[in-house]
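Asks: For reference, the chains in residue letters:
Protein chains: 2
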Amino acid sequence: MTNNGRKSANIKDVAALAGVSVATISRYLNGELDRMSKKTAENVRNAIEKLNYVPNSVARQMKTRSSKMIAVIVSNVDDYFSTELFKGISSILESSGYIGVLFDADSDDDREQRLLKTIGSQLFDGVIMQPANNPQTITEALRRSMPIVTVDREIDDSPWPQVVINNYEVARSVSHHFVQEGYSRVVVLTSEIKKARTRQERYRGITAEFKHVDVLEISEVVHNHQTTYQQLLHLIQKNDKKTVIFSLKERWFLEFVPQLVFDRVIDNKRVTATGFADTDYARRLEPRLKLISQNPYFMGASSAEVMLNQLQDKSQKAKRIVIRAKFE
Amino acid sequence: MTNNGRKSANIKDVAALAGVSVATISRYLNGELDRMSKKTAENVRNAIEKLNYVPNSVARQMKTRSSKMIAVIVSNVDDYFSTELFKGISSILESSGYIGVLFDADSDDDREQRLLKTIGSQLFDGVIMQPANNPQTITEALRRSMPIVTVDREIDDSPWPQVVINNYEVARSVSHHFVQEGYSRVVVLTSEIKKARTRQERYRGITAEFKHVDVLEISEVVHNHQTTYQQLLHLIQKNDKKTVIFSLKERWFLEFVPQLVFDRVIDNKRVTATGFADTDYARRLEPRLKLISQNPYFMGASSAEVMLNQLQDKSQKAKRIVIRAKFE
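Chains as they are written, first to last, in the UniProt record's numbering: chain X, 1 to 328; chain A, 1 to 328.
The following block holds chain X by itself, in its conformation from the complex (with noise of 0.2 Å):
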């Protein structure tokens, strides 16, 4: 393309500009410099940039349609779960020449649209998502085929492979495990419920050991965290019985539950606290709390790893792999 008449500066004018061989642009533009010296490479930037040349590589895409770029959406950036997703999705890509970006949704379907609108129209070669939207509504906002490999919220029959967490059962069997240790109530520290398919998950789990239920949803937009302590504090106190504080996101775990700790309300006896978990600062409250941890640097791996193989062989079916979380 840039080099079939138009008028934008090929490798040939580079050449000429600089001075040097065709082959010695091509080496530079491989970052051979250790074949040229400083002022040659130093004569070669300068012609690049006078010409504002782009290389071929761009060219080379549009035959290949391939960037060895794979778009990763992430829910929220700020999430501790979303960053080590992406860094287990990175390390497997990179070890076979793609490079993963990153796209934040910010907890906001339209966003997430918008995003996915961008990326159908940019040359990525697929895209693994914490999808928010519906496979059709994610379908029509790409607008053309891609590989995609969604991870942690589960869609159901879905048309592309995911990687999900066990998280109806993991929910179930902690909340077992606190029933058998004499806690009859739990309180549920969560986002809007009906707004990811995991968080229904873990609340079914929930209900289907505790017949005491409370549920205290906080808004990932805005809230004020004065009046949301108080308002848990209530539920805590509003009966004597033993209570587990069951958080299904850690962001709001790291948010209370220390906080609860300080002013000695969680004992580990009349009250404690669990919860999905993965940062190190929640395992170091004292008392030690157990705590359900999801591995996202591992999910992201998966993911990525499914990601190839679609790459190989789009021919291939669409599967649901469940990684296990660890209570501990």
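Hints were generated in silico from the structure; no laboratory data involved.
You may find that some hints are simply not true.
Given that identical chains are not distinguished, each listed pair holds provided it fits within a single copy or across any two copies.
[What the hints assert, rightly or not] Result set (EDC-like, lysine to aspartate or glutamate): computed pairs, CA atoms no more than 16 Å apart in a straight line:
| # | residue 1 | residue 2 |
| --- | --- | --- |
| 1 | Lys211 | Asp78 |
| 2 | Lys38 | Glu140 |
| 3 | Lys50 | Glu140 |
| 4 | Lys241 | Glu181 |
| 5 | Lys38 | Glu94 |
| 6 | Lys314 | Glu181 |
| 7 | Lys314 | Glu328 |
| 8 | Lys314 | Glu49 |
Mind docking chain A on chain X? Use the hints.
Replies: Chain A only, in chain X's frame:
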């Protein structure tokens, strides 16, 4: 490109296969789904998938040399500072029709170079980065001329605009504040100081006010929490001077200060703590500690504004914008 005789499908092929007009296809591609029946949209989507058609916007990019995407490289996506920086950047870029895509240097200079190499060979319109490498290395890795804005880490005589905070001044005035309050010794909690200009500046500010300075450098790659905590305790207790623990990085503050509070080491009398910290968690500790907030969201927004100016007028001179950190 996609319609100049190469074998790949063009918009006419899609229209033919879908049995609709080219106008309808372009409406579909522009997302104007309200202007066609669900059935038509369905047919178009299927035709696009069958022919694996890539919208012409890619071809348009080749002409305009614009993808409307800005690459953002942060030092570590696990740091709240980095993700807030990105959210600030995105908010401004998107108000002007650009989109920010995030790359993670993972605190690794070589990795930053690899990312720049990829970005240079792709159709990104510009780069906003927390630079780890020096300007020449960055330019050589990119291998083409594009607008660059650096943020957070200061570069002397930078060829590019940069947005930084007044690291030296704020570290010095905060140190002065504690000296006034009778604290005669400081223990600095930091990553390797010589690796980042930001830390050097902050350290300079501290040593300008404190005579007795102890430093605990922690590796970002790997460290043992308990061992490091014991070293920290040893430094604090090696004499009975009034001591300030001064963390140059929020990550270390969050890892060690809450434990010091829990262990009753920090009493705001003999021992207190401060540092650069932007999350709410850091501010919720009891006893309350005064902290330095950099407002990464605002820093990001500012760097995005500078980038937008660059995109409109590439001849702009490189300028240095200083954001004042708050101590509160």
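Asks: All hints are to be evaluated individually against the structure, with a verdict given for each.
Replies: Status of the hints after comparison with the structure:
{"no.": "1", "hint": "Lys211 x Asp78", "result": "neither (34 Å within a copy, 38 Å between copies)"}
{"no.": "2", "hint": "Lys38 x Glu140", "result": "between (50 Å within a copy, 11 Å between copies)"}
{"no.": "3", "hint": "Lys50 x Glu140", "result": "between (41 Å within a copy, 15 Å between copies)"}
{"no.": "4", "hint": "Lys241 x Glu181", "result": "within (12 Å within a copy, 47 Å between copies)"}
{"no.": "5", "hint": "Lys38 x Glu94", "result": "neither (30 Å within a copy, 40 Å between copies)"}
{"no.": "6", "hint": "Lys314 x Glu181", "result": "neither (49 Å within a copy, 67 Å between copies)"}
{"no.": "7", "hint": "Lys314 x Glu328", "result": "neither (39 Å within a copy, 55 Å between copies)"}
{"no.": "8", "hint": "Lys314 x Glu49", "result": "between (39 Å within a copy, 12 Å between copies)"}
Checked against the numbered hints above, the structure breaks hints 1, 5, 6, 7 and satisfies the rest.
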